[in-house]
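Model the full assembly from the supplied sequences, consistent with the hints where possible.
Chains as they are written, first to last, in the working numbering: chain A, 388 to 500; chain B, -18 to 94.
There are no misleading hints in this set.
Calculated pairs, DSS-like style, for lysine-lysine (alpha carbon to alpha carbon, straight line, at most 27 Å): (1) A/K388 - B/K38; (2) A/K455 - A/K388; (3) A/K429 - B/K(-6).
Calculated Cβ distances over 12 Å to all of chain A for the following chain B residues: (4) P(-11); (5) I(-7); (6) T(-5); (7) G9; (8) R44; (9) N52.
Calculated directly from the structure, the hints in this document are not laboratory data.
Note that the structure is a prediction, hence the values are computed from the model and not measured.
Cβ atoms here follow ideal geometry from the backbone N, Cα and C, with glycine treated the same way.
The lines below spell out each chain.
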Amino acid sequence: KQEVTQIPAALSVPEGENLVLNCSFTDSAIYNLQWFRQDPGKGLTSLLLIQSSQREQTSGRLNASLDKSSGRSTLYIAASQPGDSATYLCAVISSGSARQLTFGSGTQLTVLP
Amino acid sequence: KAGVTQTPRYLIKTRGQQVTLSCSPISGHRSVSWYQQTPGQGLQFLFEYFSETQRNKGNFPGRFSGRQFSNSRSEMNVSTLELGDSALYLCASSLGPGAETQYFGPGTRLLVL
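Have a look at this one:
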């Protein structure tokens, strides 16, 4: 059974810092990995999707990497801003799971002005 | 293009009642998935529909059911509500089966008293 872990559970950084969020998964047989952002009481916003054949994806100040063999992904946020404050979730679709997303418990990020 | 819409946004019910939640996917999307989010269990997969057929079901009791209509809109129903059913229910849509990005709606927050 696929399990996804995110460390740390919470992170607080001053504005302008570069930061890395970590995600690990137990079964390397995945179709893809997706990073989401969730603001309090809201739905999920898709940030980046990395296919299993890819190593990284970039969007603006965000860069996500995937090392399938070691079961790890990182989300790098450059030059953090207070508006980046949210909970960041990673989720994987395992091979053969018919598109079921398995989520980590998230990292709650606070960027201090 | 309009995003995923969910109605109602908030619901208060009492134990033993039943509830129906609705999800309208992004235009052109034919796959709809449902997730339950609680503070204790995080995000858990409920079920997935494509072309009016349930393709996958998570580990939830039979009180949780769903369906999809020919226009891809989906409903989920919870019968005989329990206090533990209080949660944010999220719907996600995508173009179809496969490993593409899933787009989430704002959710329906259900409170069971």
